[in-house]
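Student: Residue numbers (the UniProt record's numbering): 1 to 501.
Quick caveat, the hints were computed from the structure, so don't treat them as lab data.
Take these hints with a grain of salt, some might be off.
Distance windows between CB atoms, simulated [claimed, not checked]:
(1) Arg193 to Asn420: 45 to 55 Å
(2) Gly476 to Leu98: 48 to 58 Å
(3) Pro63 to Glu234: 32 to 42 Å
(4) Glu234 to Thr451: 33 to 43 Å
(5) Arg96 to Pro413: 33 to 43 Å
(6) Asp246 to Asp101: 37 to 47 Å
(7) Leu210 to Thr451: 26 to 36 Å
(8) Leu483 to Ser459: 31 to 41 Å
(9) Asp220 to Gln447: 25 to 35 Å
(10) Ala27 to Gly479: 17 to 27 Å
(11) Ser306 to Arg193: 31 to 41 Å
Here are the simulated BS3-like cross-link-like pairs (lysine-lysine), alpha carbons at most 30 Å apart as the crow flies [stated by the list, open to error]:
(12) Lys91 to Lys77
(13) Lys386 to Lys91
(14) Lys68 to Lys445
(15) Lys276 to Lys85
(16) Lys87 to Lys276
(17) Lys104 to Lys91
(18) Lys77 to Lys159
(19) Lys91 to Lys277
(20) Lys68 to Lys87
(21) Lys85 to Lys450
(22) Lys77 to Lys276
(23) Lys159 to Lys277
(24) Lys445 to Lys104
(25) Lys68 to Lys85
(26) Lys276 to Lys68
(27) Lys445 to Lys277
(28) Lys104 to Lys87
(29) Lys68 to Lys277
(30) Lys450 to Lys87
(31) Lys77 to Lys87
(32) Lys68 to Lys104
(33) Lys85 to Lys386
(34) Lys386 to Lys276
(35) Lys276 to Lys91
(36) Lys386 to Lys77
(37) Lys104 to Lys450
Ideal Cβ placement from N, Cα and C applies to all residues, glycine included.
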Amino acid sequence: MSVLKRAFLYITRKYSRNLILLLILTAMSLLMLAGLSIRARAQEAAGDVRKSMTTGFAVEGLPVAGEKVFALYTNDKGELVRRPKVKLLTKDGVDRVLALDGVKGCFGGEGTETLYTGLNVVPGGYSQGWEQRLAQEGEAEPQADGIENGLLSDESNAKSNNFLGVDDSEWHPFFMNGALELVSGRHIRSGDRREAVISDELAERNGLSLGDTVTGRQFDFVTGERYSSPYEVEIVGLFHVNFEQDMSRWTAEPDILANCIFTDPGVRRWGMAEYKKHYGGQPVVDEEPLYNGAVFYVEDPAQLESVMEQVQAMDIVDWDYFTVERKDDDYQTSAGPIQTMADLSGGLVFIVGFGCLAILSILSAMWIRGRRHEIGILLSVGVTAKMIRLQLLLECALVALAAFLIAGLAAGPLTAALGNAAARAVGPSGGAQPFSVSIEPGTSKIQVFKTAGEPIALSYGIAPGEFLAVFLILLGIVGVAVLLSSRLVTRLKPREILGRR
1 MSVLKRAFLY
11 ITRKYSRNLI
21 LLLILTAMSL
31 LMLAGLSIRA
41 RAQEAAGDVR
51 KSMTTGFAVE
61 GLPVAGEKVF
71 ALYTNDKGEL
81 VRRPKVKLLT
91 KDGVDRVLAL
101 DGVKGCFGGE
111 GTETLYTGLN
121 VVPGGYSQGW
131 EQRLAQEGEA
141 EPQADGIENG
151 LLSDESNAKS
161 NNFLGVDDSE
171 WHPFFMNGAL
181 ELVSGRHIRS
191 GDRREAVISD
201 ELAERNGLSL
211 GDTVTGRQFD
221 FVTGERYSSP
231 YEVEIVGLFH
241 VNFEQDMSRW
251 TAEPDILANC
261 IFTDPGVRRW
271 GMAEYKKHYG
281 GQPVVDEEPL
291 YNGAVFYVED
301 PAQLESVMEQ
311 VQAMDIVDWD
321 YFTVERKDDD
331 YQTSAGPIQT
341 MADLSGGLVF
351 IVGFGCLAIL
361 SILSAMWIRG
371 RRHEIGILLS
381 VGVTAKMIRL
391 QLLLECALVA
401 LAAFLIAGLA
411 AGPLTAALGN
421 AAARAVGPSG
431 GAQPFSVSIE
441 PGTSKIQVFK
451 TAGEPIALSY
461 GIAPGEFLAV
471 FLILLGIVGV
481 AVLLSSRLVT
491 RLKPREILGR
501 R
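From just these sequences and the hints, can you work out the full model?
Tutor: Structure (structure tokens):
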């Protein structure tokens, strides 16, 4: 009788054992097909996120006393000039970094001026205080004593905006991470003078459009006195805030993103000059344009470490006074849940595979010990141990094939169900805000962080390669389990096997 026929007869006659084996192998195949499919789809999605998200690194100056890095002298114009005593970040250094392979853009920092504009801004904490004082005074406008009773101070703060001076607003982190989106006009570009990009909400509240102007003035934050010459900017673009900013009664109007105005870096120099003019003091100018820091963006997050190492090896600054830090929090926030899905599904495949190997090894050992009499007779009539092991392998392989075919038919719905459950478990909740806003204490610097990626929605089709991989793994596990459990019996002599009870 051939090996194949003996294997087939055993399967049909010992249907209870083989039914147990069929159920185990079917469950294993289903879980492994689902795990491999989810892992593959999650890795593809993570790759798409990597291509769509922009990550980078920051070259930032360390906090040190000014006299350690600058020397002061008076030039022919009577201006007090700062001359670097150490190598600081200049445009030449920035350009050298931008020339590296993999670096695609740079944001060179910003200077912020809070100016009174008189606009109808999105109300915050100062508006509430101003309205309460007006109600108490029973008047519509502050009078001469407004400086003393706080009306003028509240009004100036309640109708003020942060003017963010930037070289190129397109590379500003708020636009790069998707918190803000240009919806009309253009960005602030290098070389612009007194142009502005404002929010569509601020424009709508004040009936403004492209080509209109906004005028700001410096004011005393305590008294509310407005003292500077007017700073007029022309609107060249409108942006939209892509999330609802969480605000409290303490959120100041200038700290509300919809009230922010992007303009060129000249606003900071103008503001410092106006401040010195009003309060006294000699304006300080730089001998050459300097960057307090810069954020560089790379084309692929996978290149980030390599590019950072190259930058640290360059002599663009004195590295005793500067540091390089990763700026990939937004990418990690978006890709993190997807990568977690990939890791969990890969772990599922690993655990199922080794768990099944252990279970099959134990069951095979028990079943083969129950077939010692049969194996002893086969050995005594001249059937070799090799052929007996082949028969045992064929028996399990035929059951494994049937289990795989059943699993292949049911894997689609199960994979989708498990994948969606995993996505809900590790992904962001539907009601979570995608961004959060924080204000740096003492500086009023606004920072926007990505707090949640998009809800995970993957297509869980099983590729032919994944079917083949699971089938080969299945056969490998079955083969190892049978060989491990059968060697203790097949290596004995027929007399030893038949003589045991």
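Student: Now, for every hint given, state plainly whether the structure supports it.
Tutor: Hints versus structure:
1. Arg193 to Asn420: 45 to 55 Å: holds (53 Å)
2. Gly476 to Leu98: 48 to 58 Å: Given about 51 Å between the Cβ atoms, the range holds.
3. Pro63 to Glu234: 32 to 42 Å: holds (36 Å)
4. Glu234 to Thr451: 33 to 43 Å: holds (35 Å)
5. Arg96 to Pro413: 33 to 43 Å: With Cβ atoms ~56 Å apart, the hint is violated.
6. Asp246 to Asp101: 37 to 47 Å: holds (40 Å)
7. Leu210 to Thr451: 26 to 36 Å: holds (32 Å)
8. Leu483 to Ser459: 31 to 41 Å: Distance hint for Leu483, Ser459 holds at roughly 39 Å.
9. Asp220 to Gln447: 25 to 35 Å: Since Asp220 and Gln447 have Cβ atoms about 26 Å apart, the given range 25 to 35 Å holds.
10. Ala27 to Gly479: 17 to 27 Å: holds (19 Å)
11. Ser306 to Arg193: 31 to 41 Å: At 38 Å between Cβs, range holds.
12. Lys91 to Lys77: holds (24 Å)
13. Lys386 to Lys91: violated (76 Å)
14. Lys68 to Lys445: Distance ~25 Å between Lys68 and Lys445 Cα, so the pair holds.
15. Lys276 to Lys85: holds (25 Å)
16. Lys87 to Lys276: Holds: Lys87 and Lys276 sit about 28 Å apart, inside 30 Å.
17. Lys104 to Lys91: Given that 30 Å is the threshold and the Cα spacing comes to 16 Å, the pair holds.
18. Lys77 to Lys159: The hint is violated at about 37 Å.
19. Lys91 to Lys277: The hint holds at about 29 Å.
20. Lys68 to Lys87: Holds. Lys68 to Lys87 sits at ~12 Å (cutoff 30 Å).
21. Lys85 to Lys450: violated (38 Å)
22. Lys77 to Lys276: Measuring from Cα to Cα gives roughly 16 Å; hence the hint holds.
23. Lys159 to Lys277: holds (23 Å)
24. Lys445 to Lys104: Answer holds: Lys445 to Lys104 is near 25 Å, not above 30 Å.
25. Lys68 to Lys85: Within the cut-off at roughly 7 Å; holds.
26. Lys276 to Lys68: holds (23 Å)
27. Lys445 to Lys277: holds (24 Å)
28. Lys104 to Lys87: holds (24 Å)
29. Lys68 to Lys277: This hinted pair holds, its Cα atoms lying about 27 Å apart.
30. Lys450 to Lys87: violated (34 Å)
31. Lys77 to Lys87: Satisfied, since the Cα-Cα distance of roughly 25 Å is no more than 30 Å.
32. Lys68 to Lys104: violated (33 Å)
33. Lys85 to Lys386: violated (83 Å)
34. Lys386 to Lys276: violated (97 Å)
35. Lys276 to Lys91: At roughly 27 Å apart (the allowed maximum being 30 Å), Lys91 and Lys276 satisfy the hint.
36. Lys386 to Lys77: Roughly 100 Å between the alpha carbons, so the hint for Lys386 and Lys77 is violated.
37. Lys104 to Lys450: This hinted pair holds, its Cα atoms lying about 21 Å apart.
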